[in-house]
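In order, the protein sequences belong to chains H, X and R.
So in the UniProt record's numbering, spot 100 of the first sequence is number 100, and the numbers just go up one at a time.
So in the UniProt record's numbering, spot 326 of the second sequence is number 326, and the numbers just go up one at a time.
So in the UniProt record's numbering, spot 244 of the third sequence is number 244, and the numbers just go up one at a time.
Careful, some of the hints might be misleading.
With a straight-line Cα cutoff of 20 Å, these simulated PhoX-like cross-link-like pairs (lysine-lysine) come out [to be verified]:
(1) H/K125 x R/K164
(2) R/K191 x H/K125
(3) R/K164 x R/K191
These aren't lab readings, by the way, just hints derived from the structure by calculation.
The chain contents come next:
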Amino acid sequence: MLTLENVSAGYGTFQALFGVSLEVRAGEAVAVIGPNGAGKTSLLRVISKVIPLNGGHIAMEGQSLDSVPAHRVIELGIAHVPEHRRLFPRLTVEENLRMGAFINGARSRFDERLAFVYELFPRMKERRHQLAGTMSGGEQQMCAIGRGLMSGPKLLLLDEPSAGLAPVIVQQVFDLVRRIRQEGYTVLIVEQNIQQVLKVVDRAYLLEVGRIKMSGASQELLENDEVRRAYIGL
Amino acid sequence: MDASTSRNLTILKGAGLAAILAFPLLGFSDYVLHIAISILLWGFVYTGWSVMGRFGLVSLGHGAFLGIGAYGTTMLWNLAGLTPWIGIPLSVLASAILGLLIGLPCFRFRITGHYFALVTLALTEVARLLIVALRDTTGGSLGVTPVGVVSPEDPVSLYALQFASKTVWFYIIVGVWLVGLLIWRAVDRSMMRYAMEAISQEEDAAASLGVHVTRTKLTVTVISAAMTAFGGAVYGQYQQYINPETVSGIAISLQIVFAVIAGGMFVQLGPTVGAVITLLLGEGLRLGFGHEFHGLDVTVYGLMLVLFIIYMPRGVLGKAVEVMAARGSRPGTPSPQPGE
Amino acid sequence: MEFSLLDPFLWETVIQGLLFGGVLALLSLGLNIIFGVIDVVWICYAELIMLGMYTIYFLYTDFGVPLPLAFLAGILVVAVLGALLHHLVIRPILHTEPINQLLVTGGVLFFLQGLATMMFSVEFRNLGVSFGSVSVAEMYFPVSRIIAFSVSIVAVVALWLFLKKTYLGTAIRAISQDRDVMPLMGVSPRKIYLVTSALGGGLAGLGACLLVLLYDIHPAIGLTFGPITFMVCVLGGLGNMIGGFIAAFIFAEFIALGGFYAEVEWGYVLAFVFFIVMMFIRPQGILGSKS
Numbered sequence: 001m002l003t004l005e006n007v008s009a010g011y012g013t014f015q016a017l018f019g020v021s022l023e024v025r026a027g028e029a030v031a032v033i034g035p036n037g038a039g040k041t042s043l044l045r046v047i048s049k050v051i052p053l054n055g056g057h058i059a060m061e062g063q064s065l066d067s068v069p070a071h072r073v074i075e076l077g078i079a080h081v082p083e084h085r086r087l088f089p090r091l092t093v094e095e096n097l098r099m100g101a102f103i104n105g106a107r108s109r110f111d112e113r114l115a116f117v118y119e120l121f122p123r124m125k126e127r128r129h130q131l132a133g134t135m136s137g138g139e140q141q142m143c144a145i146g147r148g149l150m151s152g153p154k155l156l157l158l159d160e161p162s163a164g165l166a167p168v169i170v171q172q173v174f175d176l177v178r179r180i181r182q183e184g185y186t187v188l189i190v191e192q193n194i195q196q197v198l199k200v201v202d203r204a205y206l207l208e209v210g211r212i213k214m215s216g217a218s219q220e221l222l223e224n225d226e227v228r229r230a231y232i233g234l
Numbered sequence: 001m002d003a004s005t006s007r008n009l010t011i012l013k014g015a016g017l018a019a020i021l022a023f024p025l026l027g028f029s030d031y032v033l034h035i036a037i038s039i040l041l042w043g044f045v046y047t048g049w050s051v052m053g054r055f056g057l058v059s060l061g062h063g064a065f066l067g068i069g070a071y072g073t074t075m076l077w078n079l080a081g082l083t084p085w086i087g088i089p090l091s092v093l094a095s096a097i098l099g100l101l102i103g104l105p106c107f108r109f110r111i112t113g114h115y116f117a118l119v120t121l122a123l124t125e126v127a128r129l130l131i132v133a134l135r136d137t138t139g140g141s142l143g144v145t146p147v148g149v150v151s152p153e154d155p156v157s158l159y160a161l162q163f164a165s166k167t168v169w170f171y172i173i174v175g176v177w178l179v180g181l182l183i184w185r186a187v188d189r190s191m192m193r194y195a196m197e198a199i200s201q202e203e204d205a206a207a208s209l210g211v212h213v214t215r216t217k218l219t220v221t222v223i224s225a226a227m228t229a230f231g232g233a234v235y236g237q238y239q240q241y242i243n244p245e246t247v248s249g250i251a252i253s254l255q256i257v258f259a260v261i262a263g264g265m266f267v268q269l270g271p272t273v274g275a276v277i278t279l280l281l282g283e284g285l286r287l288g289f290g291h292e293f294h295g296l297d298v299t300v301y302g303l304m305l306v307l308f309i310i311y312m313p314r315g316v317l318g319k320a321v322e323v324m325a326a327r328g329s330r331p332g333t334p335s336p337q338p339g340e
Numbered sequence: 001m002e003f004s005l006l007d008p009f010l011w012e013t014v015i016q017g018l019l020f021g022g023v024l025a026l027l028s029l030g031l032n033i034i035f036g037v038i039d040v041v042w043i044c045y046a047e048l049i050m051l052g053m054y055t056i057y058f059l060y061t062d063f064g065v066p067l068p069l070a071f072l073a074g075i076l077v078v079a080v081l082g083a084l085l086h087h088l089v090i091r092p093i094l095h096t097e098p099i100n101q102l103l104v105t106g107g108v109l110f111f112l113q114g115l116a117t118m119m120f121s122v123e124f125r126n127l128g129v130s131f132g133s134v135s136v137a138e139m140y141f142p143v144s145r146i147i148a149f150s151v152s153i154v155a156v157v158a159l160w161l162f163l164k165k166t167y168l169g170t171a172i173r174a175i176s177q178d179r180d181v182m183p184l185m186g187v188s189p190r191k192i193y194l195v196t197s198a199l200g201g202g203l204a205g206l207g208a209c210l211l212v213l214l215y216d217i218h219p220a221i222g223l224t225f226g227p228i229t230f231m232v233c234v235l236g237g238l239g240n241m242i243g244g245f246i247a248a249f250i251f252a253e254f255i256a257l258g259g260f261y262a263e264v265e266w267g268y269v270l271a272f273v274f275f276i277v278m279m280f281i282r283p284q285g286i287l288g289s290k291s
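Here chain H stands alone, though its shape is the one from the complex (with noise of 0.2 Å):
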């Protein structure tokens, strides 16, 4: 469904992914782990072309999204619920929701994805009239990530979904993204829990200093000893 091939990319002078080639068959869930400053939010940056290409291709079905413009990316089925979930403070729950939904082909379908995303996260509906800021981080998360199904997209791309969050929130996180995953949609997600991610994921990429240092089936990164001691810290 996704494709990078040898993609290169940066903020300014300082080159973040170097020649970066990973792919995201239709309906898997895909890990993207590695430590902090490892080029993980870049590389779903670089996706979203919020940041730019300086080398490589990326493609969508088969569309190239080589020069595609930031705000056309989503139109091409991509929604990224960035780090930090980014909610739009002083709006409410459900203006969020309704800012998901901008591109011309989603706003038709407001009322239908609205209740579904209402159905997933029936917290959200208790709070829609509640301004987004106000809510706990969990909360936050989940109204990202609805903010991120209104436009109907056929891949998530997940930033660092857990972070920042109680131990007990991140359990409910990645519950949530296993629930999504079974809704059907194709995940990205970048993740330092990576004991976490990796039980919810089909396969995973390991990220260092901006290159790809190793892949493989979830359950094979798991077991690898260099990964334990590394990142899992066992």
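Following the hints, position chains X and R against chain H.
Structure of chains X and R alone, referenced to chain H:
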């Protein structure tokens, strides 16, 4: 800076000053002399603005200080018969106090950027409206003339600070202007500059370095307010006519800011260059097109300002210094300063 | 003058102030939306209004265009000017220090004022449309002011509904809270800024429609209405439209009552002094929250 460039610079400055001092001896008409006087006088006022403006304290309210200087001095003379020798210091003091009064809460509450600009804008409008509203004493929007005591027979009154001769005024205003440049340099040289530059970049960081943010900001504000009021007072004495539009209100306040931007607020002579540009432009357009195209000068002026801010935010002289520094032809020019 | 609550002239003044407040509220609306969304103060806002007034005036008097059509044209012209202002002047320096954006529009102020002086001369012009006045219990109110007030209220409500109920309106509110995330919603910030600028211009154009009924047109009229409009916005908390709305009425009453007890300049002086004092008590504006 090595010894030879330092010596060259001194020679250059000396020659420049000599040329300025010799200017009235070259037999120019009163009109030319008037332009020169205006350039130096406004150069002084603009320098006064840039004392605070260069540190990110962009005031749109300097018309208030200008107005206090001009109207204070003139009113004290006209109504109380008080000589400008006392009237000017009183007006300057009043303006400095006003600067303190407006600055203290602003800096305490960290009113900066847009808010500071708009609060000071309100201040200058209050000054203008007060002058208009007090029309029984100030003459309102028609303006006022300091009661004249000089005549062709008796062309000099030191007591009233009135002089019929443009040449006399020229030398007085050269002196005023030079003092302005010295104040600018003193502020620049003192520790205050480093403190202020630290503040204009990051207040909290500056505070953590032990800079007393509020006090430092207040000091430059008071200096700036006092200089501007002094300029206003001298303007009134020289022109022998002031009105609320020319020494207060939004238009003159913006004009001060823009002239400084055009010339460059980060170099000593920048504001003066701004005065040269704006006054010569205005006069040039007036001479070139006469009054047929009333408003042409303001149009071109406005357009130039837009282009300056977009393409040359450090001003003409600032840009020139930058270019020269880049070429390495003038070691010792200040390294690029914050503010862009 | 003796103070009496039964004085019909006093009540007439208070209500006149209320009517003027409606106009000020409308004037502040466009400036507020521009500031709230783009974080830019258009110092030349009132000059855009001035050009709108001239557009309406010439279309109506010289070209015989019916007044409603001339109004519509005035709104459109100023909306286009707003978009142009953003595209040509603001956008190139959007990434520089915020104060530069304020100052550059000051350059535009001089440019537009000078241009108007050249093209239309300093002559005062009047549309010459009169709607007469109505009298209620010994108090007289010009109909044009009542119209202006009503239009202001309708415009405020319409804008509120637009911002609250539409996708575009929601995006306009959202972009001021997090600009960088907008592309992920499929929104082009550049386009929203342009639309917002046109909207702000359109509101200035609507302001022109009302002012042209109430005042003479001349090239410096912007200097009369500019400062008070900024003060209203800042007092309400820049970008806070409800705050601006309330501040407009406070200012208008100051001006009206000041004019009633003394001269109209005193009203303005009082209003501006009140503004400066308020800035020290509540620098974030009457409705702004402490950050």
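Here is what the structure says about each hint:
For the hint pairing H/K125 with R/K164, the CA-to-CA distance comes to about 19 Å; that is within 20 Å, so the pair holds. Taking the CA atoms of R/K191 and H/K125, the gap is about 31 Å. The hint is violated against a cut of 20 Å. For the hint linking R/K164 to R/K191, the alpha-carbon distance of about 19 Å falls within 20 Å, and the restraint holds.
Violated hint for the displayed structure: number 2, the only one.
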